[in-house]
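Following full-length UniProt numbering, the numbering of the sequence shown begins with 1 at its first residue and continues without gaps.
The set of hints was computed from the structure by calculation and includes no laboratory data.
There's no promise every hint is true.
Here are the in silico distance ranges between beta carbons for each label pair [as the list claims (entries may be wrong)]:
{"no.": "1", "residue 1": "F218", "residue 2": "T464", "range": "17 to 23 Å"}
{"no.": "2", "residue 1": "T186", "residue 2": "F449", "range": "43 to 49 Å"}
{"no.": "3", "residue 1": "P455", "residue 2": "S118", "range": "44 to 50 Å"}
{"no.": "4", "residue 1": "S154", "residue 2": "E412", "range": "43 to 49 Å"}
{"no.": "5", "residue 1": "E116", "residue 2": "D219", "range": "29 to 35 Å"}
Just so you know, even glycine gets a beta-carbon here, dropped at the ideal spot from N, CA and C.
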Amino acid sequence: MIASTSSRTFTRSLLGCSSCASASGAVTRRTLLPPLPHLAISSTRLAIGGPHQTRSSSSSGPAGRPTVATSSFLSTTREAALHTPGLRWRDDESIHPPTKDPDGNIVLGSEPTFVEPSAEDLISVDQGGRETKKMNLYQAVRDAMAITLSKDSSSVVFGEDPMNLASCTEFSPPRCSERVFNTPLTEQGIAGFGIGLATMGKTAVAEIQFADYIFPAFDQIVNEAAKYRFRSGDQYNVGSLTFRSRESLSSRTACGNDSADSYFARLGYPSACMAVGHGGLYHSQSPEAYFLQAAGLKVVIPRSPIQAKGLLLSAIRDPNPVIFFEPKILYRSCVEQVPVSDYQLPLSSAEILQEGSDLTIVSYGPPLYTIEGALHLLANPSEDIQNLVPRDLRGLKVELIDLRTIMPYDIETVVNSVNKTGRCIVVHEAGKMGGVGSELAAEIQQRCFLRLEAPVQRVTGWDTPFGMIYEKMYLPDQVRVVSHGSRWEG
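Go ahead and model the full structure; you've got the sequences and the hints to work with.
Right, here's the structure in full:
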């Protein structure tokens with residue numbers, strides 16, 4: 001444990017802040033499209049990446065390709081934010097909270113009622129309409145935590161450095177300060193403490209600062225939290241237990257003289273997942289697939305500030321334990337208008353970001369911006385690769401799906417899309433073996449076999465450990481997405 005802690009401290013001292021700056025005609029079905037083998041070789045020369053590129057002064061990527069800052073997936077206006085698909089207001093005067101038994105446990109099936117956005121929401125703020133505020137992802141998460149602490153007197157936020165990650169006066173109303181506190185750096189203890197609080201009817205939000213360190217808590221999460229309701233025959237549960245963690249890869253960018261500790265101290269967030277382009281062995285993993293077999297858990301990964309706030313509030317209020325992975329690469333680079341009111345977005349419900357009829361692409365988190373850039377590259381290839389991209393391929397109509405919840409995921413939305421397009425690519429940063437893509441490919445093969453016109457493709461991280469200098473090579477990039485999108489011969 002001493003060696004582990006020392007290694008963690010040393011590694012964190014090497015980290016700087018993360019930022020990102022890339023990615024934001026039909027093809028006749030049953031036509032085999034030629035693979036593009038030379039694109040992978042050209043990827044380094046073209047400097048084509050995902051949201052993990054080094055941020056430049058330009059708001060758009062190479063050759064005008066969209067970046068996270070200019071992504072069409074983000075709501076840049078108040079009207080767009082208030083009409084986010086699936087958004088439901090949770091107003092105190094119009095909702096019936098979940099029922100709790102005498103011991104304080106949430107009675108399963110006692111869902112609260114919500115209010116859907118109405119025409120009155122679009123009235124100007126001065127006339128009583130809904131208000132939105134420009135937020136990045138970490139501010140949206142902090143807003144969700146402040147709402148939870150203010151409205152739920154039983155809520156407790158604790159873990160690795162929440163007190164230093166944001167002061168209580170910024171994080172929540174002063175009266176809530178005693179419910180936000182630090183714990184020792186012992187992840188199994190943090191998870192166990194959260195389970196104990198949840199069984200007593202408290203709303204426990206446990207922070208594990210980086211997803212790489214969630215493994216010491218694996219036994220508590222998988223063998224205790226996930227099984228509590230099932231092993232008791234539904235007599236008790238650990239509803240209102242949420243584990244927050246950070247993940248995601250990115251390229252290194254300058255951030256003054258700030259170390260990672262002081263950087264995240266300003267943000268105020270728990271564990272992160274996925275790599276950061278310079279995190280090395282201890283801050284670069286995407287461990288979400290490890291929890292796919294933990295029946296009883298829910299696993300959520302948001303793509304944007306609006307999604308982060310709404311999904312986190314849903315996770316905290318869900319009657320099942322939830323692991324909420326926050327892509328740290330998007331903390332500051334992903335900015336949009338976010339409703340100030342209390343609202344939720346549905347768990348286990350995928351969102352179709354772009355409709356199409358030729359190809360389905362399924363992903364979650366930061367790779368969605370890589371895919372957006374790849375589709376732009378496909379439709380408008382740069383001079384370097386124009387001769388490598390067939391003209392009929394440039395009119396490919398792609399349906400893009402954000403899973404949002406990867407356990408349990410929304411398989412019906414995926415199946416309906418693949419039955420329509422006949423082709424599918426799954427993209428994620430985690431390794432290929434035993435990942436979300438493997439499970440989706442198996443389900444699609446089973447449910448859509450007679451409608452498939454090509455094998456399901458996967459664009460993922462490589463199945464290998466990697467050091468700091470290889471992180472950029474590890475991640476899926478736009479070129480790999482384009483190349484797999486044309487590889488219909490398997």
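Status of each hint after checking the structure:
Remark: the range hint 17 to 23 Å for F218 to T464 is upheld by a beta-carbon distance near 22 Å. Look at T186 against F449: about 48 Å separates their beta carbons, and that is inside 43 to 49 Å. One distance hint, 44 to 50 Å for the beta-carbon pair P455 and S118, holds here, with the actual separation near 46 Å. At about 35 Å, the CB distance of S154 to E412 disagrees with the hint of 43 to 49 Å.
For E116 and D219, the hinted distance range of 29 to 35 Å is not satisfied, since their beta carbons lie about 41 Å from each other.
The structure fails hints 4 and 5 (numbered hints given earlier, in ascending order).
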